[in-house]
Amino acid sequence: MRGTIHVDLAKCIACKACEIACAIEHSTAKSLVGALGEQPRPLSRVQVVSLGHGLAAPFQCRHCEDAPCMAACPEDAFTRDGRPEPSAEAVMEPVLLNREACQAQKKCLRACPFAAIRMTRDGLKAYKCDLCIGRLNAGVQPACTDACPTGALTFVIGEAPFEGRADKRFLVVHEGTEARYAIDPEACTACGRCRRVCPQQCITGERKVAHVIDPERCIRCGACFLACRFGAVRVTAPASVLTAATTSTSQGGE
Amino acid sequence: MRTPEERSLDAASRQMLKRAADEGISTSWDRWEAIEPHCGFGRLGICCVLCDMGPCRVDPFGEGAQAGACGATADVIAARNLCRKIAAGTAAHSDHGRSVCHAMLEAASGTSDYKIKDPKKLRSVAERLGIAADGKSDLELAKAVGETCLTQFGQQEGTLPFLKRAPKKRQELWEQQGLAPRGIDREVVTLLHQTGVGVDADFRSMIAAGIRCALADGWGGSMVATDLQDVLFGSPEPIRAKTNLGVLGRNLVNVLIHGHEPVLSEMIVEAARDAELLAKAKAAGADGINVAGICCTSNEVLMRHGVPSAGTFLQQELAVVTGAVDAMVVDVQCWMPSLPEVASHYHTKLITTSDRAKAPGVEHIQFEEKHALATAREIVGRAIEAFGERDPERVVIPEQEMDLIAGFTAEYVYTLLGGRFRPSYRPLNDAIINGRIRGVAGVVGCENVCSVEGAGHLGLIKELIKHDVLVVSTGCSALAAAREGLLTPEAAARHAGRGLQEVCEAVGMPPVLHVGSCVDNSRILIACCEILAEGGLGEDISDLPVAGAAPEWMSEKAIAIGWYAVGSGIFTVFGNPQPVMGSEALHRYMVDEVEELVGAKYAFEPDPVKAAHVIIEHMNRKREALKLRPMMYESYAPAEAAG
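Respectively, the protein sequence lines represent chains E and P. Position one of the first sequence corresponds to residue 77 (this note's numbering), numbered consecutively onward. Position one of the second sequence corresponds to residue 3 (this note's numbering), numbered consecutively onward.
Hints are computed from structural coordinates only; laboratory data are not their basis. Just to be clear, a hint being listed does not mean it is correct.
Derived list of chain P stretches under chain E, where covered just means 3 residues or more per stretch with a C-beta under 8 angstroms from a C-beta of chain E [to be verified]:
hint : segment
1    : 35–48
2    : 57–70
Quick list of simulated restraints, FRET-style, between CB atoms [what the hints assert, rightly or not]:
hint : chain 1 : residue 1 : chain 2 : residue 2 : range
3    : E       : Met195    : P       : Ile37     : 22 to 30 angstroms
4    : P       : Ile37     : E       : Gly199    : 36 to 44 angstroms
5    : E       : Val109    : P       : Glu401    : 29 to 37 angstroms
6    : E       : Asp260    : P       : Glu507    : 24 to 32 angstroms
This one's a predicted model, so the numbers in the text were calculated from it and none came from an experiment. Beta carbons are placed, not taken as given, at the ideal position from N, Cα and C, and that holds for glycine.
Extracted from the complex, chain P is given alone in its bound form:
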């Protein structure tokens, strides 16, 4: 069994891992170890469970069966499995986007708890959708925007409106290659069909459909979610906040929100400010109500309101193990089915809220947009009740909490770099052209219990910024970086190369910019478009010295994101390989041939430092092709190591 030190780099995680072991509570690390060694057929992607003639598997050593009962070879099986994961990932992000459209329509009614907090963004989104704004009130516009966005899900023909934000050359490529998605739900359905029994037997054909589906996520479902969430809840601006388990309060009612949809978490945050509930909390003996988050929904309210983040995906059980969580409120995605068991060891009240995500024996308070705030108040009320049942003797809150700055968006970069009076991307482009910044890397994605928590993200990010690569980050990756203090301007002095340091100092920004939740990876797509529009760095996204990376990925959503990044022309590095290694041809396609199709490809590199250099070399090649100046400072000049 791995020790806490072998399981996580983080001191708070380690402390709670030890506590969980002492209290006999099993965590995802324990369960993973119990399954080890994992079945190689599954890991290699060559186990097919599609039909009742199976389950079939191909012998990767070439001796036994080389095809399933239907004749599907390793290439076909691996491609089908992979594409179904793309469909699942797209479905998750897009269903999220769908919810936000519904909230938008609620807001448009004028009588909802949801309001239009960013009318400026509303107008900008309307313009993008080709909706004439003149004469319309905010509410009328909101209705039109909500309806137009919703139609993207059900449409059968045509194309998604946000694809037009991409550079002309990229749009042309998509058209020529038949990769432009026609409708969000349609692409998911077609991909599931295509990868079923006796349909597509050509892995290249399946992957093309997979790319199209992933694009329906990145430029469709996710982008709708990001943009409409900005309209409803406010476009983020740089904001200070704190992260890690230490944000839980010893004498506060701790409401932990976990999952993905701000349509819920925003309401919880609002409800927690309710005077009546605060009074109730005080009456129960608490100093106040503390809302903290786990995972993406945490990132959403962190970006917009500075609500503290208690932790990442792998820390969800550990948060409960502090004994300080009075209510854990979950909606959809990434909450572990083990939570009811873990919570049962403490007074923690687990509450499910989505009709799509329940657990047996767990209290379910259905969250409806029509009664959003009332439901949120009810949930916070439960937390206050549970506070009364807390055993102070069993509360152990790690002291670790780290300052961070979050709240960067593609739009805010204009102001961040250009200032209030001359908002512009020019300083960023200039910095890249002049060689202070080598390029921009999006380091994103999950945490995976198979490796040391944090080792992938921190190893990669630190090596990248050391070599003057500006890092933008989302999801659990951003929180992992935040835990380590990388989301502060001081981190530039400690870890960044000289060129990046100068830019960070001039602007007053961290070397790692938190741009949001996982649906906010769409912000990175838009940022690439803005960089190109500003000029001097090529004509297509694939010309840019940019890269994506998911060093500790685990989710199907990460696979969908990887494919929409590659499909948009962004070279992408995954830590563990995607589960295709049982098919040599598919593997080779992903790390080589696919570049002919979409101008970008994958690399798989579990060692984070090596991965950083794969990215650096890629950026160097792009810089050379653009005939940019050589890097201004090739040597690494950190501040005193003691930092």
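Here chain E stands alone, though its shape is the one from the complex:
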């Protein structure tokens, strides 16, 4: 089974069930109670990140078609679904990290625009989301999408993302939402980090000119949000119940 993970920002309630499920799935015991006592302690490959104003979203490896980590690794530790190169059809092949080959050089960490790669606690190996390839091969959806109680994370079988729209393809898409990423011109220092990191190359700006995201081409991947050191990237999701819940103005009738 192959497919894509869809993330709906407006539905992420920050319960972090995805984080727990991911850690359990990548433990030896594969159960909550068992995983608690394990050494080394299991690590989640997905992190729920606060986007401000009550919004949050799970961030994990996007399995980019043009994976910068793969290109950066001097040990060729990355494969596409087990193959050293993308297959001819190049559809839905997760980027997998071969642990044995990893020499902890961290070039992948630095190359990744989504901060999706981390080092184990002992600093010896890199790790990242593997799209639960073992489960997929057994015909079962990834642990995070299975665990998500609100449908913020869903697994869509067999769908090719961004048909006819994107320059780069991902297997984890922040889609299906009215969320908008925009740059606050007051806060932007025009440092250009967002521009350089955007996989869609949809951010324009020059030195000393506040940068602007093209909403038509933006795929809401969040790379700019992670890159900005000045908190200038603002995320809004007008329909979100969460924004209403945490910053609600509510008065009753007269």
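Dock chain P against chain E, hints included.
Coordinates of chain P only, in the frame set by chain E:
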């Protein structure tokens, strides 16, 4: 990570936040950020952990589970959770009241360190309780009062005596709606029962029980605490004092009291005046012993003795970070479990005193009423010892300390406004009727680390007084206002609207009146009763142009207070919503329908200026209904902005 400027409006807090960061000490702001984003199920009130079939949660987006395993919907789950918080808040205030009853009985023995400092108030309380005073000595009366008050906790039937202080119409409403509490502990027990697995499945029914329980707090536990504390320790009168971290002394033994019960803090204050201990302090190289407070216990001794307040709930760790605190003495409520860790970075001796509030590895000196002063002396002695271990190189005390006037009570208003010879509420009622004062707002409650410290209280209070609303304040809110200088008469000239300015000038009072600790919110209930009794402003509390507000609330106690305010007919505005937003029906009930039941409702408004206008509009509606004159001066005329 938020900068100190993004975390607090206060300069002293900011300075200590920076120091804590430099020294690698984690504060509640850091820990809050580490948890962000907070789980939405919890914030929406739709996570149920009552039974082992759970934990269950309802999908607020309507896709996934819409009920728990037992069938409890979002309405039921949110209502249960909310009512348990009411029970917890009521329990906290009422347990405090219980302690004061015990201290009263100690005082009545005649051989206690506790004395009857206000015999006049004793007689007035006795009268309210229906205890005949003639022929009885103060001690005999004290015994009768203590025993009668104590029975309120355990009684099963009947009603609480202080409910009779409310206007007739309000008492009738409570009777008709079945909201009159029968016994303090009983209401807490019943509410916990009612909100358990497979009991009440009707959120309106639960809320009614919640209101009844909250009333057992406001007109029961809290009111007992306030009144008996006045009897034992003196009824407050206007007094000058200082607040903020700058009150700590560089060359003084600093004893910081934190928590809630004056049965302890009063004794610490007394012990600190002990000649022998002072000599010991001098021998240790100090110029004297400086008692300062945090939170409500600070407000108690501030109101009665002018003991300086070092700070609020959020400043408790920051006070320790000055490196100047020799002993931090805590009893119950609002002290953070992080204190032992923070104190370990300095010489500060943390001491717990209540059998209900301990921490592992922390020295515990059990405070017993029977040996009150002796225990207090022992504690102060520890502080003097710790002073010897202080490292002067590591002491950084912010210079901020602000003057304030505190000490206002419902009783003192008579004298404040009417003078010594014609004590009366008339001038207040007249001012409201004539349109100098739009109404009275009680701005109360905690500080919450989720927002900028002080922004809620100051934003709301300043906007209210700008529009001629007289503000009465308690708890950390009062201290936050005090930090900014709002508790001085000069603040009226700087910030108040013209009508309020005139009244403040005529009386010589600040535009924000500090009426005490959080149990002293009961004073606000009594003040409403007095205003009504004076006449001309309706017949029930819900007729008055008054409102309550808790802009930076965090505690379950704040929820209980909000519900007893609403249950008593006072429109109440909270900053963050109470955690019910996952249930549309319950939310709507709180901001709308509940008014049909009790004549008042809630509004949730995190923006303090908007919240002020919600209150102002509410007061305008009440004024119109009472056919009062229009406001005398609708325009805002502050003194020079430079102030």
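For each hint given before, does the structure comply? Return the numbers of the non-compliant ones in rising order. 4, 5 and 6
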